[in-house]
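Build out the structure end to end from the sequences listed, making use of the hints.
With positions in the sequence shown counted from 1, the corresponding number in this note's numbering is that position plus 2.
It should be emphasised that the hints constitute simulated quantities derived from the structure, not laboratory data. A couple of the hints might just be wrong.
What the hints assert, rightly or not - Derived Cβ-Cβ restraints for the label pairs, each shown as a range:
#1 Glu119 - Thr10: 31 to 37 Å
#2 Ile83 - Asp13: 34 to 40 Å
#3 Ile83 - Ser9: 22 to 28 Å
Stated by the list, open to error - Taking lysine to aspartate or glutamate pairs in the DMTMM-like style, the calculated list, with each CA pair at most 25 Å apart, reads:
#4 Lys78 - Glu130
#5 Lys78 - Glu119
#6 Lys78 - Asp122
#7 Lys78 - Glu20
#8 Lys78 - Asp36
Here a beta-carbon is modelled for each residue, glycine too, at the ideal position from N, C-alpha and C.
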Amino acid sequence: MDTAAPSTISDQTILTGETSGTVTVLDGGTLVIDGSHDGTVVLEGGGALFVRGVLNGALEVGSLSTATISGDVSGKIDIRIAGTIVVEGEGRVAGPVANYGSFTNRGLRSGPVVGREPDDQDGAVNAEPVHPGIYNYTLPPRG
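Set out below in structure tokens:
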């Protein structure tokens with residue numbers, strides 16, 4: 003059963019288990035997703051996100067915010083000017099990306115990118131979507 007996540011985060015918060023809801027991370031706040039979260043995550047200026055589990059939902063990365071992904075993100079991603087996303091080697095993202103900041107990919111990405119081209123580094127994979135569509139992107143189970 004899903005547990006409602008806090009709606010606003012201004013310090014360090016770790017989500018474990020199954021959570022849901024829209025979460026806004028304020029300046030100075032850090033959200034760590036260790037479990038599975040269904041819902042939108044909004045990083046306001048100076049907020050930070052670490053996805054070590056699964057995020058199913060939209061991710062909005064504001065100016066001067068950072069998202070580091072070593073788990074899975076399935077959903078629309080919006081990176082504003084001076085916002086940063088880093089997909090680590092074991093990380094995977096699936097869905098459309100609007101990149102007007104910095105998008106470094108060392109893992110797997112699947113879906114179209116508008117705006118600035120991502121920085122696909124050595125070993126990175128740009129895969130065809132499993133279920134292409136407007137927002138219907140999924141990742142295969144980890145093997």
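Against the structure, the hints:
1. Evaluation of the 31 to 37 Å hint for Glu119 and Thr10 yields a pass: the beta carbon distance comes to about 33 Å.
2. At about 26 Å, the beta-carbon gap between Ile83 and Asp13 misses the expected band of 34 to 40 Å.
3. Taken as a hint, the range 22 to 28 Å holds for the pair Ile83 and Ser9, whose Cβ atoms sit roughly 25 Å apart.
4. Only pairs whose Cα atoms come within 25 Å are accepted, and Lys78 paired with Glu130 is accepted, the gap being roughly 16 Å.
5. Taking the CA atoms of Lys78 and Glu119, the gap is about 16 Å. The hint holds against a cut of 25 Å.
6. Restraint check: the Cα-Cα separation between Lys78 and Asp122 comes to about 19 Å, which is no more than 25 Å; the hinted pair holds.
7. At roughly 20 Å between alpha-carbon atoms, Lys78 and Glu20 fall within 25 Å of each other, so this suggested pair holds.
8. Taking the CA atoms of Lys78 and Asp36, the gap is about 20 Å. The hint holds against a cut of 25 Å.
When each numbered hint is compared with the structure, a violation occurs for hint 2 only.
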